[in-house]
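Dock chains B and C against chain A, hints included.
Spelled out from the first residue to the last, the chains are:
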Amino acid sequence: MTRKQARDIIQVQIYREPNRVKKYDAIVVGAGHNGLTNAAFLAKAGLDVLLVEKNDYIGGATVSLKKHKDWVYSNCSYVCSLLRPEVYRSLNLAKYGLQVVPYGGSATISQNGDYLGSYVDPDVSRREMARLSPRDADAKVRFDRDIMRQCRFIRQFLLRTAPDPTSFKPRDLMEMFYMGKQLLNLGEDVIYDMMRLYTMSISEYLDEYFEHPLIKAAKAGSGIIGSAMGVMSPGTAYVLLHHAMGDVDGTMGAWGFARGGMGAIAQAMADCFEDHGGELLSGSGVEQITVRGGKVTGVALENGNEYQADVVVSNMTLPRTFLECMDQNDLEPDFIRKVKNFKIRGSSGKLNFALDGLPKFTALEDNPELIKGDLHLVDTVERLELAYDDWKNGSWSKDPYVDMLIPTLTDPTMAPPGKHFMSVFVQYVPPKVNGEDWTSDHRDQFGQTVIDKIESYAPGFKDLILHVEIRTPRDLEDDVGLTQGNIFQGELTMDQLLFNRPIPGYAQYRGPAKGLYMCGSSNHPGGGVMAAPGANAAREILRDMRKPKSVPEGWIDD
Amino acid sequence: MTRANNHIVIIGGGHNGLVCAAYLAKAGKQVTVLEAAEQVGGLAVTQEFAPGFNVSAGAHLLFMLDKNIRKELRLDSAGLSFSQQDMSTTALAEDGNHLLIAGDSLQGADISNNDQVAMKEYQRFMKRFAGIFNRLNNRTPPRIGSKNRHDLLSLAKTALQVRLLGKNDMREFLRIAGINIYDVLQENFESPLLKGALSLDGVLGTNLGPRSNNSMFCALHRFSGMQGMSVPRGGMGSVSKALANVATNKGVTIRTSATVSRILMEGDRVSGVELQDGEKIPAVTVVSSADPKTTFLGLLGARHMEAGFTRKISNIRMRGNTAKLHLALDGLPEFNGLEQTQLGDRLLIAPDMEYVERAFNHAKYGERSSKPVAEITIPSLHDDSLAAPGKHVLSAIVQYAPYQLKAGWPAEKATFTDQIIDLLAKYAPGIHSQIIHKELLTPVDIEREFRISGGHWHHGELAIDQFLMLRPVPHCAQYASPVNGLFLCGAGSHPGGGVMGSAGRNAANAILASQRL
Amino acid sequence: MKAIDYSNKTHYRTKAFHSPFYSRQEPMNQLKEWGRWSDYLSPHAYSCASMEYFACRNACSVFDLTPMTKYHISGKDALAYLNRLVTRDVSKIKPGRVGYCVWCTDEGRVIDDGTIFHLSENEYRMCSQERHLDWLLTNTIGFDVSLTEETHEVAALALQGPTSCATLKQMGLEGVENLKPFGIRYFSFENTQLMVSRTGFTGDLGYELWIDPDHAEVLWDRLFEAGHLHGIQAMGDEALAMLRVEAGFIQAGHDFMPAHQTVRVSHTRSPYELGLGWLVDFKKPNFNGRKALLAEKEHGHRYNLVKLDIEGNKSACDSYVFTKNKKLVGTVTSATWSPSAKASIALATLEAPFGRPGEELLVEIYYQKELKWSRVMARAVVVSGVFFDPPRRRQTPAADY
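Protein chains in written order, with the working numbering: chain A, 1 to 558; chain B, 1001 to 1517; chain C, 2001 to 2401.
Bound conformation, chain A alone (with noise of 0.2 Å):
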């Protein structure tokens, strides 16, 4: 086996002893997709970089572990299309040995047997879709003008700042004015459009292009992945934007694999940040980031090592930093107020599966091209919705709303040959069952409720388990740091959404404090495995120290 062979597929754990007296130019807190990618870019501008993480190995929710055997799994983050491709670039991630495989289709497998597949082919997809509706497979073609519209807005913005709209500095206005240029550009009635696709529920605005129960459920699903509302909660729309916005090789709205796994991504990017001579210190977290005098000093490691800086990027969520990592005394009681009011709500869980062979869904029996896309389990949007009103209850959802993948169908490094490993994110589940912390016994039986689903729909498929991970939100927080166990660090709403993200007046990747930064996935624009906010916040940063520009900007797309 080569070396970069056994890179994609082994995590290699990581760790140095880094010199105790030296002071760093800048320490990142983190080494998440997001963290990783700032620390490389501000290494690669020449600063001295010290990234810390807590685990004992690096990636956080962008990560590929073995948890039985020879499996790899992908056991948080499973896909990969937000992943901004001027980072991929810029940062050389290909040299690195990352490689993003496109995935073709997707089923929607409904109760009676019936299902919704879409596949690589336009055609053959369209023709799905009329066997089930022909209105409906004509009105797609309005429906993904529509929304590639708005895409095609939105994407200007991701590699760049978001403008305080309460500010009155030259930068801001002049940022608002770009913004509202671009707006206006739109012309006047696909700017109806955003505000209407931006305010409405999934559920209302796909009622206005489609007419098939399945055809409706099948698209819905997107509007609710990583949130903590329902597919009838109005600002569910724009979550399903922020999941077609994405692309792989420019084929907008298409999925991918990284190539060993999403760990792959880490792996890279922490090679590129080690070749740039960055420093990566894993196994020990955060104790505190010290403040004095309202300017950041460093940080003090959980084992009590002490590190100086005079800039200190956070890649943990905005309530992690500040309510856990930081002096209450450092911060403004206002701004811990708003910290603690931020919404992040967990929704999701996972489950990761080795299986000793390929399920059998009865209903894509005769069908095995689309068992390599993903997978969905569900006839209506009333059924998603009932789903969420159990986490209203406080409890995990009866019948969940799940995303299944089989990567290993795709991907030959991550299980032995004829065997698989099969991703299941589901939806919903709380960060607290009845307001009570999980128990061993609780995740059990969450458990219980996806396999026993999954079963019903491919029988036999309890017997092909031969190891399987059940991660609550809770695990989430406690493997991976994120806050209740939301996969986006932060709610996609609109009170928190660009200018409002993370919160008013700290949307621009600055702290409270002088030095002090934010680049996770809490900060504009959001979650998923971007990278933006980490290149965003260097950009920043490097601003800052009046560093040359050395950080990608949006590519321009006419």
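Derived by calculation from the structure, the hints in this document are not laboratory data.
Fair warning: this is a prediction, and the values are worked out from it, not measured in the lab.
It is possible that part of the hints are untrue.
Quick list of in silico lysine-lysine cross-link-like pairs, PhoX-like style, CA-CA up to 25 Å [what the hints assert, rightly or not]: (1) B:Lys-1147 x A:Lys-181; (2) B:Lys-1120 x A:Lys-340; (3) A:Lys-22 x A:Lys-514; (4) B:Lys-1280 x C:Lys-2284; (5) A:Lys-181 x B:Lys-1167; (6) B:Lys-1147 x A:Lys-514; (7) B:Lys-1167 x A:Lys-169; (8) B:Lys-1147 x C:Lys-2297; (9) A:Lys-392 x B:Lys-1371; (10) A:Lys-372 x C:Lys-2015; (11) C:Lys-2314 x C:Lys-2297; (12) A:Lys-181 x B:Lys-1280; (13) C:Lys-2342 x C:Lys-2324.
Derived, one-sided and incomplete: chain A residues facing chain C with beta-carbon distance under 10 Å [claimed, not checked]: (14) Lys-23; (15) Asp-138; (16) Leu-186.
C-beta: ideal position from N, C-alpha, C; glycine also.
The following block gives chains B and C in isolation, referenced to the frame of chain A:
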């Protein structure tokens, strides 16, 4: 004989139609109002629902009526007076430990000091933010992306108003305007009863639960009247009567029992209306205070509209979710823990936000709430014109009661009525024996009786995607419809429902401006 | 014999279906080059595109147009419905006649062009390249019409070229020569009904034949039997592309973007911008786009779609168009070498007001000879007529050759 070329016909004598008529007549226009019912008023109406018992059959509280209208049309001297003003709210608790909300002060229910302080702050910012809505209410919504001077000026004005909130309030406004009232109340308050009561501001008359985004927007809209709650003497019909008096005095012809069956076209512009009995009334301008679906799909007909516009009209979300209960009572009901004087308050059954949210859950699936929420008034306490001495009228707005009930309203109505009364009896144990007559108006009844498609009180869901330049739909939001000579002046247009009159006033201004061109 | 059968859910295994004529096309297709047109395989060329082209201009050629989208519209409001849908006055298309139409969004942007066949009182067929079921059904709100797609239920062939009438007569269609351009006639054929319309996409004498798919093969066979002595050949879409540019016909996706597919709003076009202003009739009261088009008529439009006659012999595909002062004013959307006109011809979209008939322009053509690329700035002139317009196209009764 009316000359057609300056004759304006207004379809519908609801309060907006009457306001519009009065302003047009004030400007010297010759106006005829055609009302299908026997009396004017639409949903702002007083009806005898049982012999000797009168009630505001639609809206039962007045708190949004545009102050400009009241002043400019001198409604007070046209017969508008009040039996109650600046009413307090009492949030009912099953154990009798009720919460009294009077402005920004709170009493009872063991309310904490924190909540007392928070309530003052809540009222402060709600009023400030609602002030922005208030100013928007009185204007024709601007178009975005047009280069028209008026539009740009109007947008700039709004932007300036938001800026003038100051940095902190502006940030808070931009943060909360689009979210849900559940989160905002959770951020500010401790008492479940208080939060339950306040959450109703965000959900009454809508298809929202407290946790649904848009509910904060609805609460701000409700606050935008910038006035306390009051009850007109003689019920809400008095508002309409006063408006009708003013309009008639200014020369408006009001015809009741005159049902418009269609809007007449000549070429590509309107030429008048036709009544159900076949009578044709020529007019160069037709103004409809009927809801947009009724106006365009029912009265005008799709063939006179373009298909994209037709689709938008069909897509307007306007399915009612609110029912109205009227009880004729043999005496004043006794509520546990309430003084008799407090019975004149606005009484709320919304013990906590989770309760409201659960009540809403049913509506999502086409079911009625098993435990509904209610806003109750007993107007006869302070107004003896509504019922004989010693007798009383109870009026309650009840949610959730979806228009498209899966089981169908004929099958469910009686059960639902009894269920609501049972709910009331939890707070007023003796009420069963006091009931002489009961009436429940479901959205289906409201659709039929008041001719509102879908039975939605606001002629369309109040939501950001159906507000301002998006209400009822783009390119029809400045009161002029795409059809030459046809205007809208009802609650389906900006700024929407509630007895405000603003849509009627704004429409009149828009019509007059268009005729000056 | 419908191509697409959903009942066994195996439709996904086939990327493109066989047309009902496939069993006859397949052996003739010497190149085995198939393209995809909607749901069907469609030959690019059977043997040689230019020979197929000449078959059409010199004798007659057969093109399978089954994949074209077809809708059936009937009901008491059918006329009112269509009149609101399209920009021209459909009441002028009498029963038994066909009309070329264009339909727009409310904003007056072209959704597609196509033909309306007035089959009988209150009964129409509408044909277009793109699919529009969503839009057409939206248009039914408030109208008493029934609308169904019949793409797969109707097999269709175009028989085009000077000997096409002779071929049909030979096949036994008596009196077909008296069919006027844009006329429809029915014939009984092998115990079924064969609909013949004198329509086409080649700008020549030609017919389109419509039949139920079960009779597709026998129609093909009989046609080739009858056409044997009249030079009949099968034709693929490459030849058709040359023919239609000569005839000045525009095509969705090439010369304009259908509005429902266009993400960039400014890339849509109005009928005026496509040179189809003659299809817009403001004398009828309301139709989709009327207000916007009235305004556009008053204030002017942004583009002109023009026909260019370009000097030299290089085809001008995808070229930029400049004024004589080298100002960039547009692009070529379709181009071909015209074997009949012996000229390099093109359709181009130019920014208004450029493109007046007779205006001289420059076209920047890149071409390669043995992998060496060259660039030429060819002079071009805007022409008003079509490049090929033989009198036989309109002549009734139709000539035998």
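_Violated hints, by number in ascending order, as checked against the structure_ = Structure breaks hints 6, 11, 12, 14.
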